[in-house]
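Colleague: Respectively, the protein sequence lines represent chains A and B.
Going by numbering that gives the first Met the number 0, the first sequence opens with residue 0, and the numbers climb by one from there.
Going by numbering that gives the first Met the number 0, the second sequence opens with residue 0, and the numbers climb by one from there.
Hints were generated in silico from the structure; no laboratory data involved.
Accuracy of the hints is not assured; some may be wrong.
As the list claims (entries may be wrong) - With the C-beta cut set under 7 Å, the calculated list includes, among others, these residues of chain B facing chain A:
| id | residue |
| --- | --- |
| 1 | 28 |
| 2 | 68 |
| 3 | 69 |
To be verified - Label pairs and their computed distance ranges (CB to CB):
| id | chain 1 | residue 1 | chain 2 | residue 2 | range |
| --- | --- | --- | --- | --- | --- |
| 4 | B | 18 | A | 68 | 24 to 30 Å |
| 5 | B | 103 | A | 173 | 48 to 54 Å |
| 6 | B | 115 | A | 21 | 33 to 39 Å |
| 7 | B | 71 | A | 174 | 31 to 37 Å |
C-beta: ideal position from N, C-alpha, C; glycine also.
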Amino acid sequence: MVAVGILPKDIAIYAVPVVTLMLGLLIGYFAQRSGYCSIGGFRDFYLFRHTRLLSGYITLILASFAGYLFFWFITPAAMEGFFWANTNGLFTAIPGAPGGLSPAAYFLFAIIPGFFIGLICVYLGGCPIRQTVMASEGNYKAAWFFVGMCIGSIIFAAWVSGAVVVLMKSVGFGV
Amino acid sequence: MYIHMSDKSGSEHTGQSHRDWMRHPAFLGALIGILAAFTQALLISAGGPVAYGFCVACHTRDLVNGLTNIVAGTHLALAPISANAVLPVMSIVGVLIGGYVAAKKSKEHKIRKGTNVDYAIYFLAGVIVLQLAMIFGGCPYRAALRTGYGDLSALVFIISMAAGVIAGAYIMLKWAEREEA
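Chain A on its own, in the form it takes in the complex (with noise of 0.2 Å):
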């Protein structure tokens, strides 16, 4: 099945960098506004107890939910398999992950890399989004783990993730 959106895909192709530059820019202005920052939400409210940050993590996880329940009303064609664990087993991941897998894999991949990711970025003081705002403030550390998110990109397409799929393959979780 070929999810169907507004634009026809002729148009789409010619759509996608442009929308995506103007959602980046409005992003981008009120992140550094309010400071957003997820890894800091968690961590504002464990050590004070301050809900400010975490507000907007918890806000975003229901808004999605609102904003893609209102367009499968609308455009049920463009919302492929919404919503998700009903249409495609409770615990199914959705596609982004090195495919090829058994669910039991995509379960492992979330619990790991999550754990570390929250555990490096408490230390780096924010998550991906609030280094690369502050990369945009001045901030030539941030900048710096920007360049490490580029160079990263290269270095998984071109090793880390076939490596990945042999190991987790090796040690019988394949399909």
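Mind docking chain B on chain A? Use the hints.
Modeller: Only chain B this time, still in chain A's reference frame:
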């Protein structure tokens, strides 16, 4: 060792403007959630995956790998929506420009330098965080979008991430106490 705090974290913020609600993180959370759903409704014909409206790690990967593929003729993996489109997703370029404009406008743009050791740590952390995020298939933001889409494995990621944050904050508290002692 001290605990890094982002400039405006916590609830001590006291601005007196009628547009203060625009500076609340919950406003941006609602904005990203709704616009991410709208972007998917608009653009999904160009390619998947679903719940891909905004993600710092994935969109950086698409941007870098997509442009590298165009310039150097390589075949680095990226999401179908970026592979099919004329240019990859540009949201990270937008975040950088938007953040810069907001910082300049509010006179918060300030060059903050660190030591070379800091730069090496942050660079390495950037590489590692991207690998971890790509193994999961998203950064904290796509995890939130995936949870909203009904993917409970993403909710597991968020809970695990919260546990990691608490563990990290606890370790840093202990470091700080030991340095004071």
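Colleague: If a hint holds in the structure, say so; if it doesn't, say that too.
Modeller: To see whether the hints hold, each was checked on the structure:
{"no.": "1", "hint": "28", "result": "3 Å, holds"}
{"no.": "2", "hint": "68", "result": "10 Å, violated"}
{"no.": "3", "hint": "69", "result": "12 Å, violated"}
{"no.": "4", "hint": "B:18 with A:68: 24 to 30 Å", "result": "29 Å, holds"}
{"no.": "5", "hint": "B:103 with A:173: 48 to 54 Å", "result": "52 Å, holds"}
{"no.": "6", "hint": "B:115 with A:21: 33 to 39 Å", "result": "37 Å, holds"}
{"no.": "7", "hint": "B:71 with A:174: 31 to 37 Å", "result": "33 Å, holds"}
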